[in-house]
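Asks: Here are the chains, one letter per residue:
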Amino acid sequence: MGMMEGRWEEGFVTTTLEQAINWARQGSLWPMTFGLACCAIEMMATGASRYDIDRFGAGAFRATPRQADLMIVAGTVNFKMADRVRRLYHQMPEPKFVIAMGACTCGGGPYYKYGYNVVKGVDLVVPVDVYVPGCPPRPEALLEGLMRVQDKVRAMKDLTKGQPLNLPVPKRTGSVLLPEELATPEKALEFQTKNKEQAKPSKA
Amino acid sequence: MSPAEIIAILDERFGPVVTGKKLDTIDPWVSVDVGRLLEVCRFLRDDPRLRFDLLNCISGVDYLEPDPKKAPKAGFEPHLEVVYHLSSFTHRHRFVLKLILPRWKDGVAGQLPEVPSVCGLWATADWHERETFDLCGVLFTGHPDLRRILLAEDWEGHPLRKDYEFPLEYHGIRGR
Chain A
1 MGMMEGRWEE GFVTTTLEQA INWARQGSLW PMTFGLACCA IEMMATGASR YDIDRFGAGA
61 FRATPRQADL MIVAGTVNFK MADRVRRLYH QMPEPKFVIA MGACTCGGGP YYKYGYNVVK
121 GVDLVVPVDV YVPGCPPRPE ALLEGLMRVQ DKVRAMKDLT KGQPLNLPVP KRTGSVLLPE
181 ELATPEKALE FQTKNKEQAK PSKA
Chain U
1001 MSPAEIIAIL DERFGPVVTG KKLDTIDPWV SVDVGRLLEV CRFLRDDPRL RFDLLNCISG
1061 VDYLEPDPKK APKAGFEPHL EVVYHLSSFT HRHRFVLKLI LPRWKDGVAG QLPEVPSVCG
1121 LWATADWHER ETFDLCGVLF TGHPDLRRIL LAEDWEGHPL RKDYEFPLEY HGIRGR
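Quick note, the sequences are listed as chains A and U, same order. Counting along the first sequence from 1, when you hit position 104 you're at 104 in our numbering, and nothing is skipped either side. Counting along the second sequence from 1, when you hit position 133 you're at 1133 in our numbering, and nothing is skipped either side.
Bear in mind the hints are in silico, worked out from the structure with no lab data behind them. Glycine is no exception: its CB is placed at the ideal position from the N, C-alpha and C atoms. It cannot be assumed that every hint is accurate.
Derived, one-sided and incomplete: chain U residues facing chain A with beta-carbon distance under 7 Å [stated by the list, open to error]:
{"no.": "1", "residue": "Q1111"}
{"no.": "2", "residue": "P1113"}
{"no.": "3", "residue": "R1148"}
{"no.": "4", "residue": "A1152"}
{"no.": "5", "residue": "F1166"}
{"no.": "6", "residue": "L1168"}
{"no.": "7", "residue": "Y1170"}
Whole structure, please, built from the sequences with the hints as guidance.
Replies: See below:
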């Protein structure tokens, strides 16, 4: 409970009401059961035991938009479906969040040029909070996207200001652990020149 | 029965209705006159030597080279084809029937070419014809329920036509 600022004193914890609400809200984002294409398979994998989205409190996939507060748009949205997506979004109670999962929903993906019936990004239909690229994204990527939504929830100032004020700064973005020979720029340059030297055809 | 024999039977029975044929392909075919399609299909289905009791598929093919520079070398005049793939469970043979249509009825752009529906002969034809209508723009006369099957009901145009123009906007959503 690191975010609960305050101090422990005889079994009491002090915090602001807003933070407590946000804490509760971020831990129970209920997504809507809503898969449009192949990304939905990956979404299901995220919900299943190996990746277990329930660890983040978002495992209760609701079969109705009225009980959901997170819409994971998993899959290609075509024009015929766009009307339905928009309607489902409007049926969700506030506060609501949208994850655009996969290349198709981020910007049309492989259908960008020749897909006459594909919406070039679901952000043309509903406002998107977090984009998760990939074709399809790994379950880890979707979990990362969920964490970004949680960051956004945590930054909400619903009670005092009415709206979330500051946009979430990614707090948990991991940096890639590089191998020893590439760890610093100097080492990387040395590695590169050495490689080039090796790649030269011998004139023997 | 071999395709050559089937073609021979059709030739004998219908004569000039068979407008074209090709034997040296994987799927030998004949093309027939559009006006006599129902008659030919009924014969193919009911004749005891043929018994084509299964309609595998109906496809629409648009032959058009949209690039004017390549058009002379394309090797075909712009036209539309409807292809019927038939099989027989009884005799275990297959056959392909083609219709060669103008791209537009009477040469007026926007007027869809008309083909008699074979729904009454093979119930399978219902959805296949709806799909061909939806994507290729062939009007099947006598079809019980000719609506779009894949695209939205208020869609404009037929996307698998080679000269189809992508929508710029649909229900307030930018198209490209």
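Asks: Evaluate each hint against the coordinates.
Replies: Tested hints:
1. Q1111: Violated, because the Cβ-Cβ distance from U/Q1111 to chain A comes to roughly 22 Å (cut-off 7 Å).
2. P1113: Where the cut-off is 7 Å and the nearest Cβ of chain A is about 21 Å from U/P1113, the hint is violated.
3. R1148: Since the shortest Cβ distance to chain A is 10 Å, the answer is violated.
4. A1152: Cβ of U/A1152 sits 4 Å from chain A, so the hint holds.
5. F1166: holds, 5 Å
6. L1168: violated, 11 Å
7. Y1170: holds, 4 Å
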